[in-house]
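Residue numbers (this note's numbering), protein chains in the order written: chain D, 1 to 292; chain X, 1 to 356; chain G, 1 to 267.
I should point out that these hints are in silico values taken from the structure, not numbers from a laboratory.
A portion of the hints provided could be inaccurate.
As the list claims (entries may be wrong) - SDA-like, lysine to any residue: derived pairs with alpha carbons at most 25 Å apart:
| hint | chain 1 | residue 1 | chain 2 | residue 2 |
| --- | --- | --- | --- | --- |
| 1 | X | 336 | X | 348 |
| 2 | X | 336 | D | 91 |
| 3 | G | 58 | G | 223 |
| 4 | D | 161 | G | 144 |
| 5 | G | 63 | G | 82 |
| 6 | X | 130 | D | 90 |
| 7 | D | 279 | G | 100 |
| 8 | D | 161 | G | 128 |
| 9 | G | 138 | D | 239 |
| 10 | G | 139 | D | 160 |
| 11 | G | 100 | X | 218 |
| 12 | G | 58 | D | 188 |
| 13 | G | 100 | D | 90 |
| 14 | G | 58 | D | 82 |
| 15 | D | 161 | G | 139 |
| 16 | X | 336 | G | 60 |
| 17 | G | 100 | D | 170 |
| 18 | D | 279 | X | 219 |
| 19 | X | 130 | D | 274 |
| 20 | G | 24 | G | 73 |
| 21 | D | 161 | G | 103 |
| 22 | X | 336 | D | 81 |
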Amino acid sequence: MSFFLHLLVNGLSLGFLYALSALGFVMIYKSSSVLNFAHGELMAAGAFLFLVLTTWAELPIPLAFILTLSGCFLLGFVIERLFLRPLIGEDLIQVIMLTVGMAAMFKGLLLFIFGGDIHQYPSFLPEAMNLHLGIIQIPSVYVATFIIGILFLVMFGFFFKYSSQGIYMRSVADNQPAAMSLGVHVRRVFALSWAIAAMVAAMSGIVLGIINGINVHELSSIGLKVFPVVILGGLDSIGGAILAGVIIGLLETFTGGYISTSLREIIPYVVLVVILMVKPYGLFGLKEIERV
Amino acid sequence: MRKLHYHLCGNYKESYEEELAIFETDFGRTWMLIGIFVLLVVIPLTGSSYTLYILNTIGIYSIAAIGLNLLIGFTGQISMGHGAFFGVGAYAAAVMTTRMGVPLLIALPMAGVFTAVVGMLFGIPSLRLKHLYLTIATLAGQFIIEYILVQWEGVTGGAEGIAVSNASIFGIELDSDHAFFFLIFISLIVLTWVMVNLIRTRFGRALVAIRDNDRAAEGMGIPIFKYKLLAFGISSFYAGFAGALFAFYMMTITPEPFNMWLSIEFIAMIIIGGLGSVSGAIFGTIFIVSLSEILSMITEFLMNYGSASDLSITIAPLREFIFGLSIVLFIIFEPKGLAEIWRIVRSNFRLWPFSY
Amino acid sequence: MTTEQKLLINNISVVYSDVIQVLKGVSLSIADKQIVTLVGSNGAGKTTTLKAISGLLKPENGKVTEGSIEFKGKSIQNLPPEAITRQGIIQVLEGRQEFKYLTVEENLRVGTATRFGKPYHKDLERVYELFPALARRKKTLSGFCSGGELQMMVIGRAIMAHPDLLLLDEPSLGLAPLLVREIFRIIRRVNVEQQTTILVVEQNTNMALQIAHYGYVMENGKIVLEGNAEDLKENPDVKEFYLGTAGTQGIKSYHNLKSYKRRKRWL
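All chains should be built: construct the whole structure from the sequences, respecting the hints.
So this is what it looks like as structure tokens:
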């Protein structure tokens with residue numbers, strides 16, 4: 001029984017990590033319909049920037065955190081300006097390939113600078129945040145992840161559904177020329193969405209780094225885990241990403257715990273294909289409206 | 001005999017037959033025949049073993065890239081599972097020859113057919129999935145196949161892989177790069193010829209219609225699911241065939257090379273070459289293979305250079321960086337690929353000195 | 001014309017991809033608070049003229065190579081669209097470019113992009129009052145709306161932006177005759193009540209000339225005829241080629257040289 005509870009808690013927190021990583025991804029997709037293969041690398045970039053600021057520059061944690069987030073916000077801006085903007089109007093596959101190239105670049109660069117070892121942050125989360133639920137104990141990082149996850153879900157949900165800026169962003173993804181004709185600043189929308197996405201990615205990178213240690217390979221492979229999560233949830237649904245993240249997290253830990261650890265890596269994809277056959281746009285994705 | 005035509009300076013086509021012809025002029029046909037002669041006679045006589053190794057690699061990957069181009073460039077279904085399909089072909093060939101003693105000439109097409117079946121299986125989601133959802137479903141296929149290749153030890157030999165017995169055709173041992181050169185390039189020429197002709201048939205036009213608007217294509221009476229599935233099948237056949245050649249050429253195979261990165265490299269090849277262009281797929285393969293070969297030469301050079309072997313370990317990741325950077329730059333500056341550059345250069349020559 | 005000029009286009013040429021010349025020296029002027037119509041056959045360059053004004057040529061690789069476009073005395077040619085829309089020029093694109101995954105109300109709210117941060121509820125009410133059909137469909141995804149509702153929605157969306165100059169590209173495309181009349185009635189109303197200057201491109205010459213004050217006829221990238229809407233309606237050539245009300249008997253043939261030559265002289 002306690003093994004079951006242990007797996008349940010692990011699965012839930014893993015799921016929230018996935019969901020948090022997926023948020024930035026959905027952000028980019030919702031405003032520019034771009035599938036970002038460099039998401040794991042963006043997460044790694046944020047995690048390492050935080051590492052540099054905390055351990056080498058020895059800045060106080062809150063300051064380092066704020067600096068990291070704003071640095072990554074800028075990074076997102078620069079990425080959009082340098083790489084994505086020339087491709088506005090090109091085919092989907094070219095843009096996908098571009099993000100793949102970007103992923104290789106960032107990964108190579110980070111490996112060059114930091115090597116393939118696992119780094120650690122100094123511990124800073126208060127012990128008081130550890131939760132004790134009967135026999136099991138939930139570490140403070142997971143609690144923090146949970147809170148951040150819920151906070152962002154609500155924030156982004158409201159932002160896209162009700163705020164004018166959110167509606168403009170969705171309109172750009174929907175029909176670019178029409179958005180342009182109404183005076184929506186398309187390039188600014190793209191830049192903003194990349195900046196915010198990079199910032200959110202940095203945040204999830206830091207959380208992952210706290211839990212598992214910071215390693216380039218690890219983080220970039222988590223970036224790939226985002227795909228089954230967002231597709232299962234429906235590419236443009238934030239709530240879907242959270243739910244799918246939890247589902248996949250639970251699936252992984254339970255398969256790993258009860259069946260076999262090797263099957264653990266593959267089970268999300270199997271479930272994904274099965275669910276897609278029943279629901280082709282994921283659990284909550286918008287159905288494509290096609291008119292000829 | 002007809003008079004030989006040189007390049008035309010405009011669009012003088014008067015019938016659909018002319019529109020569909022592979023070579024606009026006899027001039028082009030002559031050049032191609034000269035090219036094939038150089039390829040099959042001059043190069044094997046003069047090239048070193050290393051040159052032939054590079055060329056053989058290019059030849060093998062070209063076959064797979066041409067197949068993938070049918071699926072992505074012509075049908076518009078993005079597959080991220082072709083690296084795994086390539087692996088399926090390699091394993092099918094290896095298992096057939098080592099366990100069942102099937103001769104090479106039969107094993108090659110059989111491996112292709114087997115891969116085609118697997119490819120069609122993973123193409124079934126295209127019945128309902130579109131765009132990115134399908135892309136990720138094929139990515140799922142990639143991971144699932146990789147898992148099977150590693151875990152199904154009884155057949156695939158697990159992580160240790162299979163050693164393929166010596167390849168031979170009619171008792172002639174294929175034991176050198178030169179011998180394989182002929183096998184690979186004759187296959188490439190035949191398969192290219194088949195593909196070029198396939199896409200100018202009714203079937204090929206139907207695929208293009210599906211790419212451009214599948215709802216409208218369905219309205220025109222094209223059975224889209226059947227055609228999408230066929231496209232998956234044919235392109236997987238090419239991947240499997242290439243994979244089988246790879247298995248014979250490499251002598252031993254392990255699951256390791258057939259990972260997602262290989263799938264991505266295939267896509268990079270056809271994008272850099274130019275989507276929807278058969279010759280583009282070959283150009284793209286040449287570019288990617290040469291690039292990674294040059295990059296590993298540089299890394300190796302640095303590794304041997306002086307005592308700075310520590311430096312070389314830190315420099316190794318830069319290889320990935322430069323690889324990524326060149327893909328990014330290529331897509332930014334010429335999103336239509338090498339085929340487009342070639343077309344511009346050619347029309348500059350023939351329209352010279354008046355650019356339009 | 002006595003009123004001041006809002007928009008002045010002086011002898012512009014537009015070239016796509018550096019090779020295809022579409023406009024060959026077009027000049028037109030739009031007086032303040034008037035409805036001006038631009039008619040002509042397909043491929044005459046009407047839509048290109050609109051896009052040259054609103055800056056939407058850029059994404060299509062087109063450019064104004066010669067001449068000048070002045071809006072309220074300021075030159076605006078080749079500015080990016082977001083700069084032009086902020087000066088109050090809003091174009092309604094041809095063929096109802098809706099945002100199909102947004103509800104009707106959200107679609108309308110996109111229209112506030114040029115006035116970001118200002119209250120918009122009054123404007124919403126006004127649009128619903130102009131188009132009561134939209135109020136009933138508020139919460140529907142616009143991808144599921146009918147063609148007529150969509151046309152109303154895209155016009156309403158443009159009105160949300162409080163345009164100074166509204167560019168309408170074929171508002172009657174694919175609509176039933178009754179609905180066309182309804183749409184044109186509303187266009188007129190917007191012009192009268194909000195004092196909006198409107199440039200409307202139309203195939204339905206008859207309808208367009210009925211509501212317009214002034215008209216231009218375009219052929220082959222050039223303006224071939226202009227005049228007050230009433231005069232144009234009475235012009236024998238316009239009657240024959242665009243209105244089809246010349247009163248001649250049956251279908252004309254090219255043996256009828258006189259008519260052919262008259263047409264030819266415009267092309």
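Which numbered hints fail: Violated: none.
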